[in-house]
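Once you have looked at the hints, place chain B on chain U.
Residues per chain, in single letters:
Protein chains: 2
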Amino acid sequence: MVLPPDETSEPKETVDSEEAAEPEGKAETVADLGELALIERLSAFCTAGMVGDDAALLTVRSGHQLVVTTDMLTEGVHFSDRTTPPETVGWRATAANLSDLAAMGASPLGITLALGLPAKTPWNWVEALYQGVADCLKQHGGMILGGDVCRAAQRTVSITALGEVIDQQAVRRDSASAGMAVVVTGPHGGSRAGLAVLLGELTAEDNSDYHAHWIQAHQKPVPRFDAIAQLRQLIDRQLIESRSETPYPTIAGMDSSDGLANALLQISSSSQIGIDVVRSQIPLPLGLKATVGADTALEWALYGGEDFELVLCLSFELAKELAKAGVVSIIGTTTHDSNVVQLLDAQNSSASVQVVHKSFQHF
Amino acid sequence: MVLPPDETSEPKETVDSEEAAEPEGKAETVADLGELALIERLSAFCTAGMVGDDAALLTVRSGHQLVVTTDMLTEGVHFSDRTTPPETVGWRATAANLSDLAAMGASPLGITLALGLPAKTPWNWVEALYQGVADCLKQHGGMILGGDVCRAAQRTVSITALGEVIDQQAVRRDSASAGMAVVVTGPHGGSRAGLAVLLGELTAEDNSDYHAHWIQAHQKPVPRFDAIAQLRQLIDRQLIESRSETPYPTIAGMDSSDGLANALLQISSSSQIGIDVVRSQIPLPLGLKATVGADTALEWALYGGEDFELVLCLSFELAKELAKAGVVSIIGTTTHDSNVVQLLDAQNSSASVQVVHKSFQHF
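Sequences listed follow chains U and B, in order. Heads up, the first sequence is in our numbering, so the first residue is 1 and it goes up one at a time. Heads up, the second sequence is in our numbering, so the first residue is 1001 and it goes up one at a time.
Bound-form chain U, shown alone (with noise of 0.2 Å):
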């Protein structure tokens, strides 16, 4: 049961949509189709067998751990129309989820999904982010477990995403130890450097061949699912060749949705070590260096955030076979220091060290 509803306690929508400049009655909204209705049509988006229960079963393998991680997104906050289509709220916002998953070392099993919804919200624009999150899905694996929709004042979405991984190889923050490569899965800044793009930022004036590309950043990032199963690959192999009683290697990390500065300093002050980061080892995305200036690629690099990369702590010896398999580049190491993150402009120089502080705050 829900308190009665009252037309003047739903404010206005926050963000203009094009949705809202159409003739008023051409597009069919989730109050023209009613409650049963939307749940009906969102339930093709589902595995078969997986709707019609108060709640999803499903089963995870012998020798695994359960992982769950949850994160809720709302319009005018994390998205909108003018910058994310919601294709793409929905394949991000899933994206996100999966990354967290990757980020644990698991694989995926599925999502649940629940939508808060303005009355007058299109349907369109509900199937147009559901087919996000479906494509999202069935490139990176897992299933829409379940969901839920209700009347609210904003778009929100809420989304818990499901994996599971090997007992005991869960990838953790805290588990890093001084000498360890410290290594990312991929560029930074690029996210950053699309939103940039798409709120006019830069310009077509501003080396447009590469605008797509970093649109491409922000609008869908990737999972790093195929960065971990290398990574296990590697080490499965290694440990077959070594045939002796080696223990499974200590893999620290977690991803870099909040900026690779965040995820560095979250690392360091989890596991209680230093990091020194050597500059122009990160990698940046193609042609931003050369757009922006090296100051604010380093800037969107460090703290820009969404790129969704992996942030990994390993032995040099497993890095550099990464490394050469063009999976990861190694961008510092971890030292005795106590959570410090530094960044030098060359291998052991103490020149010009920089200390990493910022991070973003929500509110």
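Quick caveat, the hints were computed from the structure, so don't treat them as lab data. A portion of the hints provided could be inaccurate.
[Stated by the list, open to error] Partial list, computed: chain U residues near chain B (C-beta under 8 Å):
no.	residue
1	Asp54
2	Val60
3	Thr74
4	Ala114
5	Ala152
6	Ser158
7	Arg172
8	Ser175
[To be verified] Now the stretches of chain U that chain B is said to cover, found in silico as 3 or more residues with beta-carbon under 8 Å:
no.	region
9	63-71
10	75-89
11	98-106
12	138-147
13	160-169
The structure displayed is predicted, hence computed values, not measured ones. Note that CB positions come from ideal geometry on N, CA and C, so glycine has one too.
Just chain B now, with coordinates in the frame of chain U:
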């Protein structure tokens, strides 16, 4: 990364709250705290070791399946300061999700909790909400596995609950067959009556002795894990006594979160059976009929919703044992009809048959 905050893009809160009436600057808000401090304070409610990684890790027992359900609640639609103080919002949101686990025959593992909050939300409100969540989990099982906070136009609570059920013993909506008893685990209409008191539809002149009881039914509903446990015990005892290879008996059903009528209709349509309910056998809260009359009491029992009792179909043999133990009331029987729920005046009577058809729609 989030879009830059824009004061004009945050609609006014939709429901006047006590806090809003306080002199400006008195209550500490989430904006005063900032995201990191907010998360740190909320971490105090979470199980040690569950916070600090991209995702939580947990183990599902061997021989069990994972059960997942999700719900989103928004202020002004599902709750308001008028009828639901924050502790109650937290308790009810948690109980509603746990009830979905109980309805599947599962036991709780934990929940994820995502909050959307306007920047001026008082910290006290958030703390009290978490306290309500923690109280409900403490009493009924499960822990906080993870969460998210984000800025939103409207207070929003999104919960995903995880449970586990023994393989092949999940309670489904679609497995009822003709000739089963239909039972409920408790009275219906109490939550609606409590809301009526809170909204002033019922006043002190209307049998006020019962008001606290009805308000309790509305504000602190109980997920019926106890009924499932007693049912399992009874079945296990019978299976042991029979010493034969009797298969585990089929239990079908769901919870009555969207009303008793809705639950009966859903089971009837999913299982392609008919359900005949004897009007007088539907248990009502103490004092309700005397206060609002038989018709309104029945209306509230069928359509009021949020009583969070279980509506189960099972063998008459089991049903009678459970009824004798005071765990359930037998309200009717399943029939060879399909997708129809009838209210009868008395068992086997065809006089004054009423077809149940209504069900609440959110939009």
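Checked hints:
{"no.": "1", "hint": "Asp54", "result": "4 Å, holds"}
{"no.": "2", "hint": "Val60", "result": "5 Å, holds"}
{"no.": "3", "hint": "Thr74", "result": "4 Å, holds"}
{"no.": "4", "hint": "Ala114", "result": "4 Å, holds"}
{"no.": "5", "hint": "Ala152", "result": "4 Å, holds"}
{"no.": "6", "hint": "Ser158", "result": "4 Å, holds"}
{"no.": "7", "hint": "Arg172", "result": "6 Å, holds"}
{"no.": "8", "hint": "Ser175", "result": "10 Å, violated"}
{"no.": "9", "hint": "63-71", "result": "holds (count 7)"}
{"no.": "10", "hint": "75-89", "result": "holds (count 6)"}
{"no.": "11", "hint": "98-106", "result": "holds (count 6)"}
{"no.": "12", "hint": "138-147", "result": "holds (count 3)"}
{"no.": "13", "hint": "160-169", "result": "holds (count 5)"}
Going through the hint list in order, the structure does not satisfy hint 8, though it satisfies all others.
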